[in-house]
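2 protein chains.
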Amino acid sequence: MPSELRKDPVTDRWVLIAPDRGARPSDFLTSTTRPPVRGICPFCPGNEDLTPDPIQVVEGPDGKWRVRVIPNRYPAVQVEVPLRREAAGIYDRVSGFGAHEVLVETPDHDLSLWELSDEDRARVLAVYRDRLADLRNDRRIRWAMIFKNRGALAGATLHHEHSQLLALPQVPLEAKARWEGARAHYARKERCVYCDVIAFEKSEGVRMVDESRFFVAFCPYASRAPFETWILPREHVSHYMLVTQKDIEDLSDLLGRVLRRIDGALESPAVNFMLHSAPLQEPESPAFHWHLEIVPATLRYGGFEWGSGYYINPTPPEDAAAFLRSFT
Amino acid sequence: MPSELRKDPVTDRWVLIAPDRGARPSDFLTSTTRPPVRGICPFCPGNEDLTPDPIQVVEGPDGKWRVRVIPNRYPAVQVEVPLRREAAGIYDRVSGFGAHEVLVETPDHDLSLWELSDEDRARVLAVYRDRLADLRNDRRIRWAMIFKNRGALAGATLHHEHSQLLALPQVPLEAKARWEGARAHYARKERCVYCDVIAFEKSEGVRMVDESRFFVAFCPYASRAPFETWILPREHVSHYMLVTQKDIEDLSDLLGRVLRRIDGALESPAVNFMLHSAPLQEPESPAFHWHLEIVPATLRYGGFEWGSGYYINPTPPEDAAAFLRSFT
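Chain order of the listed sequences is A and B. Quick note: the first sequence uses my numbering, first residue 40, plus one each step. Quick note: the second sequence uses my numbering, first residue 40, plus one each step.
In case anyone wonders, no lab produced these hints; they're calculated from the structure. Owing to the predicted nature of the structure, the values given are computational and were not obtained by experimental measurement. In this text, a Cβ means the ideal position worked out from N, Cα and C, and glycines have one as well. A couple of the hints might just be wrong.
To be verified - If you anchor each label on the Cβ, the simulated ranges turn out as follows:
no., chain 1, residue 1, chain 2, residue 2, range
1, B, G128, A, R273, 51 to 57 Å
2, A, Q284, B, S242, 56 to 62 Å
3, B, V97, A, I129, 37 to 43 Å
4, B, V97, A, E154, 52 to 58 Å
5, B, Q95, A, E154, 34 to 40 Å
6, B, D235, A, T367, 56 to 62 Å
7, B, R273, A, R273, 55 to 61 Å
8, B, S307, A, Q284, 50 to 56 Å
9, A, R123, B, D235, 53 to 59 Å
10, A, T367, B, A361, 52 to 58 Å
11, A, V97, B, R299, 50 to 56 Å
12, A, T90, B, L281, 53 to 59 Å
13, B, G85, A, H148, 51 to 57 Å
Work out the full structure, taking the sequences as your base and the hints as a guide.
See the structure below:
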C-alpha cells in the first residue's frame, strides 16, 4: 500500500499512513522503536552508494563533501506520486505526495551539529535555505519543515548527525495554528506577534538564554517541555530562505552556543528541533516571523497530552533559562 | 511556585507549568523519566496511610476495598487554589485550579485492568461515572478526562494498576477540536458524526475489532498510532456519566476483550487510554458521542510530530484490525 494522508472526520487532523516505512503488525511485538542500525553507517564517507543519488552536495575547500542531501530511503511521502485528493466513503484522503529528504550534516560519524566548526555549521544552515528555496519551485508543495531528531529518545534511528525535510501539499495543523494565530494578531494590532514577544522577552530578561548580533534565544513563556528554547531573528522576516550569508554566519555561532548550553546543562540529552518558516507559497508577510524551536526530549507523554493537546511541563522556563545561562 | 496554565500567544495552546510535580533543573540530568518506585507500593492494601484521604472507596462483598480514588500526591492542579485568570505582561495565565485524582483500580499489585474479573472491571467503570458526575457539581470545572498510562513507555511511574482524572476550568485544545468538530458536522447535517462513523465502520467491516450488545470497537480510519482502537456506544449519548448499570456490565466485557486482544497481539505493550465525554457543564447534545480511545505506546514521536501536529503511522488500521481480530 502506498502512503496516504487521511483526515479524522471530527477534528480535521490529518495522519500520514506510511506503511513503506514499516513494518508488518508482528514487527510491533517489542514495545521499543528500532534501535540505531549497527554495523555499516550509510551516511559515512565511502558508503555513498548505500544511499540514493544525492539531491545536493556541498564540498569543503579540500573538495570532499561536508553536507549531503539525499532522498529518504523510507520516504513518508514522494514527489513521484501524483497528487490526488479523494473521498474514501465518508472520509477524505490525499495521496502520499510530497518530499522527504535526509540532510547528512557532517562526514564525521560522531560529531554533533554543535561540535562542528562555526564554518561547517554555517554550511548546514545554508543548505536548509537552499532546500526550502528549491522546493518552493514546485507549486504543489505548500509547506516544508526541516527538523532534527537527535538521540533515540527523540525518535532517531541513526546515530550519524542528520536532519530531515518533509514537504507536503497542505499546511498541517500546528503550522496552520502558528500561521493563522500570527495573522489574527496582525489583523488586530498591525504588529507581528513574534516581534512583540522578542521585545517583551528582552525587557523581562528572565527567560533569555543568549543573543547575538542578529538573533535572540529564550525559553518561551508557555514552554511545552523542560528547557524548550527558541531562536528568532531580531529583524522581522517570514521566510528562512531569505537569510543572508551574514545572518547564517551569526546564526551558526549562536546556535552552536545554545545547543552546547543545552548539551552541558542536561548532559547530552536527546534533542528535537524544528525550523518554522512561512508556508512555502506565501509571499513575505508582516505577520509571520521564522523561528527555530529546540525541544530536549526529557519527558514521556501520556494520556493527558494525547487527549487534551495540552502539555504538563514540570520546569518553569524561568528556571530553565537561568540554568542554561550558567553553562557557557 | 504554584502550578499555572500559560497560553502561547500565537497558537492559543495552553501549557500546564506544574513545578510541584518536579524536579529541579538538575533532576533532568538523565534523559529518562523517573523509574517506577521500588520498594513499598503506596497503592497496595495495608499502605493506605501513605496516600491522602480517599475521595471514594468501593468495597467488594467481603467488605475489602476494590477501587480507591485518592487525590494525586503530586497534583498538576488543585481545587484548593482560587480560580484566577490574569495578564502576565503580554501573556495570559490561569491559576492551577482544578482536580487531579488517582483511581487505584484493584488491590492486587500485579493485575491489569484486563485481567480483572468482568465484575471488578465493571466496578472501576462505575467509578469513572461517579467521579465525572461528582465533579460536574463544581460549576467552575468545565472539563474532565479520565485516562490511563500503563507501562513506562506510556508515561507511567507506578506499576500498580491505576488511572488518573484531570479536571480543568477550561476545555483544552484537543477536546475543543472534538467538541466543535462534532458540532460543526451536526450544524451542517443534523446528524452526529460519530453515529455516521459507527454505521460506516460496521458496513465496511475492515477496521472492526470487536462488538458487544451495546458497544462497538474499531481501529479509526485516521489512526494516529499503530493499533489505536476506539470503543463507542451504539446508542447516541454525549456524557459518559449517563451510562446505566447494564451498559457498564456490557462495556466491562467488551473492554476486557479488546485490551486482551491488544495485549496478546503486541505482547503486553505499554498502553494509554482516554475517556472522552462531553464538556462537563454542557447539557446532553445530539452532536457529541462519548468514546474511549486506546493507544498502544509503540512509537516515539519526533520533530515532525512536534512541528506539524500530524502523526506518521506505519501500520494501516485495516492491517491492525485484522491482526487484532485474530487474537481472541
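Do the hints match the structure? See the list:
1. B:G128 <-> A:R273: 51 to 57 Å: For G128 of chain B and R273 of chain A the Cβ distance comes to about 19 Å; the hint is violated.
2. A:Q284 <-> B:S242: 56 to 62 Å: holds, 60 Å
3. B:V97 <-> A:I129: 37 to 43 Å: holds, 40 Å
4. B:V97 <-> A:E154: 52 to 58 Å: holds, 57 Å
5. B:Q95 <-> A:E154: 34 to 40 Å: Given range 34 to 40 Å: violated, Cβ gap about 55 Å.
6. B:D235 <-> A:T367: 56 to 62 Å: holds, 59 Å
7. B:R273 <-> A:R273: 55 to 61 Å: holds, 58 Å
8. B:S307 <-> A:Q284: 50 to 56 Å: holds, 54 Å
9. A:R123 <-> B:D235: 53 to 59 Å: violated, 24 Å
10. A:T367 <-> B:A361: 52 to 58 Å: holds, 56 Å
11. A:V97 <-> B:R299: 50 to 56 Å: holds, 54 Å
12. A:T90 <-> B:L281: 53 to 59 Å: holds, 57 Å
13. B:G85 <-> A:H148: 51 to 57 Å: Given a distance of about 54 Å, which is inside 51 to 57 Å, the answer is holds.
Violated hints for the displayed structure, listed by number in ascending order: 1, 5, 9.
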